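*Asks:* Protein sequence lines, in the order shown, are assigned to chains A and B.
My numbering numbers the first residue of the first sequence as 1 and each following residue consecutively.
My numbering numbers the first residue of the second sequence as 1001 and each following residue consecutively.
Just so you know, these hints were derived from the structure itself, not from any lab.
All figures in this text were calculated on a predicted structure; none of them were measured in a lab.
Be careful, since some hints might not be right.
As the list claims (entries may be wrong) - Covered by chain B, per the in silico footprint, the following chain A stretches (three or more residues, Cβ under 8 angstroms):
1) 213-222
2) 349-357
3) 548-556
Even for Gly, the Cβ is constructed at its ideal location relative to N, Cα and C.
Number of protein chains: 2
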Amino acid sequence: MAANRQRSERSPLLNRETLLSYFPQSQRVYVCGTNPGVRVPFREVRQEATRLADGGRESNPNVRFYDTSGPYTDPAVPLEPGKGLPAIRLPWIEARGDSEPYFGRAAQPIDDGYLSWNHKEKAEKRNGASGGALSLPLSRQPRRAKRDAVTQLAYARRGIVTPEMEFVAIRENLGREDRVPERSDREALSFQLPGAPLGARIPERITPEFVRDEIAAGRAILPANINHPESEPMILGRNFRVKINANIGNSAIGSSVEEEVEKLVWAILWGADTVMDLSTGKDIHRIREWILRSSPVPIGTVPIYQALEKVGGRPEELSWEVYRDTLIEQAEQGVDYFTIHAGVLLRYVPLTARRRCGIVSRGGSILAKWCLAHHEENFLYTHFEEICSILRAYDVSISLGDGLRPGAIADANDEAQLAELRTLGELTQIAWKHDVQVMIEGPGHIPLQLIQENMDLELRHCWEAPFYTLGPLTTDVAPGYDHITSAIGAALIGWQGCAMLCYVTPKEHLGLPAREDVRAGVVAYKIAAHAADLAKGFPGVQEWDNALSKARFEFRWNDQFALSLDPTMARSLHDEALPQEAAKSA
Amino acid sequence: MAANRQRSERSPLLNRETLLSYFPQSQRVYVCGTNPGVRVPFREVRQEATRLADGGRESNPNVRFYDTSGPYTDPAVPLEPGKGLPAIRLPWIEARGDSEPYFGRAAQPIDDGYLSWNHKEKAEKRNGASGGALSLPLSRQPRRAKRDAVTQLAYARRGIVTPEMEFVAIRENLGREDRVPERSDREALSFQLPGAPLGARIPERITPEFVRDEIAAGRAILPANINHPESEPMILGRNFRVKINANIGNSAIGSSVEEEVEKLVWAILWGADTVMDLSTGKDIHRIREWILRSSPVPIGTVPIYQALEKVGGRPEELSWEVYRDTLIEQAEQGVDYFTIHAGVLLRYVPLTARRRCGIVSRGGSILAKWCLAHHEENFLYTHFEEICSILRAYDVSISLGDGLRPGAIADANDEAQLAELRTLGELTQIAWKHDVQVMIEGPGHIPLQLIQENMDLELRHCWEAPFYTLGPLTTDVAPGYDHITSAIGAALIGWQGCAMLCYVTPKEHLGLPAREDVRAGVVAYKIAAHAADLAKGFPGVQEWDNALSKARFEFRWNDQFALSLDPTMARSLHDEALPQEAAKSA
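Pulled out of the complex, with its shape left as it was, chain A reads as follows (with noise of 0.2 angstroms):
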């Protein structure tokens, strides 16, 4: 109990009130489309009025940012972590009518990492949690494709916009029909400089048909697993905002289900546009089932993790049968994309011997001594086509894992890494056959001077599908600051067409993030993604700088803070030097 009050204590997030307090002067407000039910949630953000000099006042315009916050920032829902968050597409995927509730996959003691229910029970009373993922008040019955996939990129390639293509228009379009920057008046607010795409193809303004044509191409991928109505539509690929990802996820030494939900909400209340939960150990069923249910944005997991945990950590027993069980098990509870390590063959492991860090993902090194084991090709290569005929009926996204990325500057671009994205280059297809809306996982450590090489092959042998990287780290010399070595190489990769970055902590390499190693996370990469928005020229994000910079200009200080990718820091900074609240009004 003593524990318990002082997680509360410690953590009082799961609270509107604190939520609310990180981004002052700000509302969350919808902009509704044609589709019943599409009503795209965006932040605004009130400022104070300029100080003429004739003594005059000028209004400032509400500013408008893309939110990732979901209904936590939105005093009209209620907050109950304890029910889940409402159901948003639940009425367009029953209206496709192509899908239907069936009794699902039968939960097993297994899922949570147990090997009875008594043993399982027993640790629950022990815990003292609340029950497991069966009897949580947040459950529904899975549904399935009845037939057809019922995959977004299915939809496309007939030609059908989809509510959820018509959420993604607006919202990367912040919700305005005007869209055309100002090119000469630099004292506008919607001044943008010209932007350097370096092949990327934006139009003025998004339309869900751009959005659906995008899809069908494979150039983009709207991951929203049917059975996680709760998302609110985002979109992943070249020709859109750059996206980030937050990883979260407990461990054997690790966290609760309470703390995991807390990370969610705390990493998309500083922008994270997808979440990973990469949990192992005991209970990752129960923790998946309470992210998704609580969760406005994509959650990706890795299922080879829990397929790990269910033949108790032993690589060499891992199956087909059990890695497929895993899958439908996941796709049941609605995760929105899997990383799957399909292109770690067994003739590649070879390549990584005289490097200098081997193999360093988890998925990788698991599917590499699987195959050296039996010395057997790697099953989620030979069985591809079976796990794409499982996802599809669920409109599962394939993120197709870098099992053999470089860990180290010095095994940067080298032949384990570029034949691994050949043959992802190959799955792609498979994937794109089966209607499956597949991406593509890249490194890792890169130096500046080949990453542009990354993204060049990326395109090159994966035909453009959305590419997906772990920063890049740019040096290997400061473990404490790999959000800052990650920052600059992200920023870098986002310009030259990569649709999603993946954060990295401070903790990276040193241990798992905690809360603040989070927010440290999320910010520098959404730095380094409008970096990147900013350098592709997105219409409109200039916007945001134009705002702050002329509050600044201004000394109106409330504006700048609130403006502010992180008003709190801003804030505080400011406030060493400078307390008096008088100091902050222009």
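Take the given structure of chain A and dock chain B to it, following the hints.
*Replies:* Quick look at chain B alone, frame taken from chain A:
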């Protein structure tokens, strides 16, 4: 007294034990040159042995680091802040026989911001200051040229290799003769990926003759005032290691002499290659004297700041005479480079009227006000030949200030900025005519896609003189994190050829940096500079990454910490997860 004690408790920095504690397993070593007195300092980190699979052990070599911390980290040199550092360059300067001590400019109360000696004395008694600059035991008689320029540029043009040039050659090579990188064996400590030098021409090994030739060509400068003999020579240029500068300085609401010296030591401990003293307000002569006598790195200033103090803070009252007097005052003290905003021309000022943020450079703003008040051309421009004729007598380098640099993304690369840059090119030629070393200051706030244009135009208009940029910040939206928004731009422009990166701290736009802000800024910029060196392919720089990654791969945690850019941070973040000492060895 209470305040004093509090300060010394807060700041036990000038203490050998404290200083050494930040860099474990380290010792300062020297490599001697052929010129007498050329003893080039490095830091060497000892490593544990690697445990081999067969139970044996394989020793790991010491790893050598470029070291800016000066005698502060050498236990063989007594730490007596009141006495100043050893004047290691004095014998070289004397041996050249082209300069002589003289009775310098008479000190005046106004130098420290006082109207009379009486005022000054009273204030010092009130503050408990230990005597004015005049009574400092540190003071020595200033030197100046007998007749010809005593600049490293003048020597280089005459074909002379000075001891300073030999010093920097050894320093850039880390004191090693064998600098040929390994290109195929990724496991080798000397393995290095090919760089993309983007026009830089970096030899496999830096020779003293190469240093001389680069200085003679104006492509590099070696800032080394003959009145700052305590400095350890270093070089700035596109074909050398990328350097970083840290700004310190008191202000009206400011800090004491001791605090500024502590900030200096703190900045060079983390790796600042030069330090700019931007003090304003009272006591700036005295603070500068202490900083110079305590600094093993070149010190830069912006003399117009002190000149403005001398005229009561009223820009329109500035005159060439006051400014000239300040130049001599500071040159005699030993300042190594002056930022001179001679490119802010009267006709450029109106170009800033329709900017988002007008003129944000303090120097630029002062001179713009002067120009408008007098409706005359900038007196730094009209007297530029005279400025050069003064500086050549001391070897003060010129850093041509970018007074019209953009202060917002919206103002990047605008006509005001680029017009000034062209004028800086014209002034570069004048400086060179007088054998004065010169570098060019650059922005500022620049989005990623416009950074290359800055570098290209600087090289073209300013004849490849070294570029020295503030960041650039790649977005305006993250006050509180501008060390990150700008490290991204700094890494990129460093790669593209910028010689020195002026750091930005998290407090930029919010207040004066405290000690932890200085550390955060320096570390972020060391990351940017090292990432740039890797990208350019500077020979040998990847060894650091390789050694650290090997330690990481072998779970030699103590070595991983010791090899880190910030060992203390790496260890403390790791300790949050696993505090046991036993967990730190392989």
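*Asks:* Next, verify each hint and record whether it holds.
*Replies:* Now for the hints, and whether the structure bears them out:
1. 213-222: Since three or more residues must qualify, the claim that chain B covers the region 213-222 of chain A is violated, with 0 doing so at under 8 angstroms.
2. 349-357: The restraint on the region 349-357 of chain A holds, since 4 of its residues have a Cβ under 8 angstroms from chain B and three suffice.
3. 548-556: holds (count 5)
Figure legend: structure checked against the earlier numbered hints; the only hint not met is number 1.
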